[in-house]
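Novice: Please take these sequences and the hints and turn them into a complete structure.
Next come the chains, spelled out residue by residue.
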Amino acid sequence: MPSWKKDCPCSRANEFMKPAQFEYLRAASIAEAVAALSAQAGEGKIIAGGQSLVPMLNFRLLKPLLLIDIMGIAELKFLEETPGGGLRIGALTKHHTLETSPLVKRLFPVLSEAMSHVAHLAIRNRGTIGGSLSHADPAAELPLMAVLLDARIRTASPEGGRTIAAADLFVAALTTRLLESEIIVEVELPALAPATGWAFEEVSRRAGDFALAAVGVLLAVEKGKVSSASIAMMGVAETPLRAARAEALIKGRAIDASLLDELVTAVRDACEPNTDLHASADYRRHLVGVLARRAVIAAWKRALGEQP
Amino acid sequence: MQTRPKIIGTAAKRLEDPRLLTGHGSYVDDKTPAGTLHVAFRRSDQSHATILSIDCSEALKMPGVVAVLTARDLEGLVKPVVATSKMRDYHATPIYPLARDKVRYVGEPVVAIVAESRYLAEDALEGIAIEFDTLPNVVDPEQAAAPDAPLLHEDAGTNVIVRREFLRGDVDLAMAAAAIRVNRRFRFHRKTPMAIETRTYLAEYDQGRKSLQLHTTSQIPGIIRDVLTDILDLPTVRVVAPDVGGGFGGKASVYQEEILVCILARKLGRPVKWTGDRLEDLSSTSQGFDEIVEAELGLDEQGRILALTAEVVGDIGAYSIYPWTAGLEPVQVVSFLPGPYRVAHYRGRVRAVATSKPPTGPYRGVGRPTSTFVMERLMDMAAQKLGLDPREIRLLNFVSQEEFPYKTASGIVWDRSGFTECLTSACAAFDYEGQRAAQAVARAAGRWVGIGIASYAELTGIGSRISASPGMPINTGTETATLKIDSTGAVTAAFGVASHGQGLETTLAQVVAEELGARLAAVTIIHGDSAAVPHGTGTYASRSAVLAGGAATLAARALREKVERMSAHLLGVTAAEVMVADGFAFVPGSDKKISFRELAKAVYSEVGRIPAEARESLEETKLYDPFFGTTTCSTHVTQVEIDPETYVIKVQRYQVAEDCGRIINPLIVAGQVHGAVAQGIGAALFEEMVYDEMGQLLTASLVDYLVPTAVEIPSIGVSHLDTESPSTVGGFRGMGEGGTIGAPAAIANAVADALNHLNILIDELPVTPERIFQLIKNKEK
Ligand SMILES: Cc1cc2nc3c(=O)[nH]c(=O)nc-3n(C[C@H](O)[C@H](O)[C@H](O)COP(=O)(O)OP(=O)(O)OC[C@H]3O[C@@H](n4cnc5c(N)ncnc54)[C@H](O)[C@@H]3O)c2cc1C
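In order, the protein sequence lines correspond to chains G and W.
Counting from 1 along the first sequence, just add 3 to a position and that's the residue number in this note's numbering.
Counting from 1 along the second sequence, just add 4 to a position and that's the residue number in this note's numbering.
FYI, nobody ran anything at the bench for these hints, they're computed from the structure.
Computed from a predicted model, the values in this text were never measured in an experiment.
For glycine and all other residues, C-beta sits at the position ideal for the given N, C-alpha and C.
There's no promise every hint is true.
Claimed, not checked - Covered by chain W, according to a simulated footprint, are these stretches of chain G (three or more residues, beta-carbon under 8 Å):
no., segment
1, 21-33
2, 68-82
3, 210-218
Stated by the list, open to error - Residues of chain G clear of chain W, computed beta-carbon distances all greater than 10 Å:
no., residue
4, Lys108
5, Arg157
6, Glu191
7, Glu265
8, Leu307
What the hints assert, rightly or not - Straight line, CA to CA, 27 Å or less: simulated DSSO-like cross-link-like pairs of lysine-lysine:
no., chain 1, residue 1, chain 2, residue 2
9, W, Lys488, W, Lys17
10, W, Lys65, G, Lys66
11, G, Lys228, G, Lys108
12, W, Lys271, W, Lys83
13, G, Lys228, G, Lys304
14, G, Lys21, W, Lys35
15, W, Lys488, W, Lys605
16, W, Lys65, G, Lys21
Specialist: So, in structure tokens, the structure goes:
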């Protein structure tokens, strides 16, 4: 055997570091991560999959003094069914896992469907649910799903941690109610009623882009009428929204064309879209109505046991 | 009689791919000689402003910083680059490596920081304070063209950098007599070439020899060498473009950063490198298109074209780029507008207007994506008015076989070429009738399905009688090939072209192997090195297969004759009896045979085996100049479907028929077409550089500047028409750019067809769901 190595990768250290200088800590436990974060008093930053954080570091939009890497914390990696048929999802669960897990497909098919719209495989393979919820992009799928599914977010902090309802977590674009030294450790999804119809509809410029608008719907049907409805939308406000008026509107009724027209109006009225490079507020408002109509029809059909 | 094996025309796998696909390519950024210093730029965040003061004192104190330079520090070290032109009504705009006195676009380099690492250089950027005094905006090209507009270049005295008119016949009379007239104001927005590899430069200066070597991500190393020698006043400069990861025109001009690293390497005596990041690429690499075209087409009641007029305003950005000048893109919009059609009466006027945005430059297809978009939309609009099928109106107006060579209204000459054949062949492969029938069914079911055709002709392989850019004083019409069989029998062929994705290491090897009689795998192609041949300008304008292929053919034929002469001595026959193939010289029908290796040994080492007076070096250099160039044409046919509620556009079918003359390698031709069509689909549906009214770039990352991904690109069918060009050695026609020329027009026509029932016209690209939403909303009002 020759003693030289087959491949000799050249060292490129020190060449392309775009971020400002930082220290790096690989935390081994939740307690260690929380303690380190708290000790930094606002100058520390958790890094999970890095898919949103690293671009911001490279653009020097953020200049933390310490990066606390939580990817090695075993207690954050789990995905299990709760006794009632809900899910407990560890903060480090990857997008790709949520997209492909048979457990998720069985219990929350709407979630695995939505996850296939998140970015590209390479990103889904690194991005985590804790990261996505903390990042709180107004056009990201997981915050929408959290709001749709009434998720409860469990956190850890120097004070011990708490549980936050998804509806209360998101304050504005890229802003949550998490405190400076608080991290997400778990997301709990309560069980759905049996035979809940579901649908997810999204429009984005290219496959994998952030949504221009998206709508998620859950419908339970009893005796040919909607017994409970959950309609959530995103891309059309600073945070994902529940269309409460539209939900109330269809409760107790069967879905038909004129009801759908009313629903579309209710959904459009509920959103406050922004104009950006890819879509005007008017177009987004138009889109969310189109998508809500499609999603409600599809969920209704599923609830009735038909093919959407 | 035995014939030599055919290598030209075979689908040989790309010889460069094993190297490039296994990560063994060597790009500029892969080279970091010991002691290399790294540069980071502080760029302008103002689009038009006077520089009042620059304070670098903090930056200079920061760790690892070796130098901090402004334009003032470079006085006397370099001459400005000036793109001159023979055009009348042209104003050159001098380009300095760093902004001097004022800035003219957001992203223009103002201060250079040189440090021990890029990291430290980036850190030090924060230690620079620049005080600007804002000047009036020069952002809108039509406003900038007004006589009283604020000036970007005071010395030019106007923002209208180029003005030109093409005129044939009596346009006004012919237009007045037209039974049918269609007209429109068209807009093609600005885009960027977006190569995966960003621009990167590494300069090394040999103090002892006073010679400079630059490694550059360039399509034009020969031109860079020539200009650096001049502006730096150096006796010897060598410019090497090693593996280059795509160009699309964005690496075909001289750049400020490129000059600066050379100055620094010379001044500091250490290697100096700059690697652009994506933001720098988006904000400072030359951009493309950006035209407003008001055009009118007049036809008789049968649909025959009578007259065409066009007024073009080209937004050329802040500088007239070197060497092409600001005339390159907008002037060619006007000169190519009549396309492959018989147009007796034509008036095309163009104004190239400076604005405070990054300079535009060559972009794959140059001028013709816009001219084809405009002309092909007008043809469809006319067909609609006349109740003709889009295919029929084109067939009626194409220059026909009997009319070649045909001089167009702007003076371009089309040599014999398959305009009609391309359309017929594309429609056949697309199953045009079948798809029209399927469309009718789909439309009856409420689906918005549209079919679009685009035909165009382009001039490729341009020789010395025409400049690759109108009025440019540099000769782009000649290429050199130097072929050698060295003392080991190895064949090397050196060229002035610079392959950066085109697969020229394969296609040129195919030409050399066949013409010389060598084995394909035994031919080494040297390109992208200004020292390899005395003169060569690089790879752009669909020229390399034609010009370098022609030079290779001539040199290989001459070298083969030498091989025959030398072998004749060794085999004891006359040169006429010797045949060369597969790396052997042999006498057919006998066992007399000698390999290149044995021959080379006999010629160079075994002195005496060939009589001294007959010994020749196995080497040949030939120049090739096709004088005018040749015609390449193509037709694209596509089908799109638009969601009637979300307005999302899907390209579902795509067929190209193209005539690139004698095909060297069908695999590479198809690959070039696929890539170029993908780029054209990007231009039609996604890619747009957006600047606000202050000249700030809004699409400053790949989150906002959308290039199509594999998901957005349909499978693309390509039919080849192998009609040998009568005008070039080897019969090759150029084809690298074509797909980008046809696709925007074909997609625009298909989208317009899909929206036909709404009475909406497509006159703006890219067409996006948002734009369709607005068109429909405005219609409803
Ligand atoms: C090209 C591209 C396209 C994308 N497209 C989409 C898309 O279509 N839809 C979509 O939803 N997302 C998209 N993303 C974002 C992606 O989903 C991110 O992975 C996700 O938003 C962040 O997860 P992460 O684990 O990578 O978090 P990181 O990037 O590591 O962190 C993000 C933020 O969350 C904080 N953080 C991370 N984990 C925790 C925690 N447990 N507790 C508290 N704070 C925490 C970090 O401090 C940081 O502020 C895209 C990303 C890219 C690069």
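Novice: Checked against the structure, which of the hints given earlier come out wrong?
Specialist: 2
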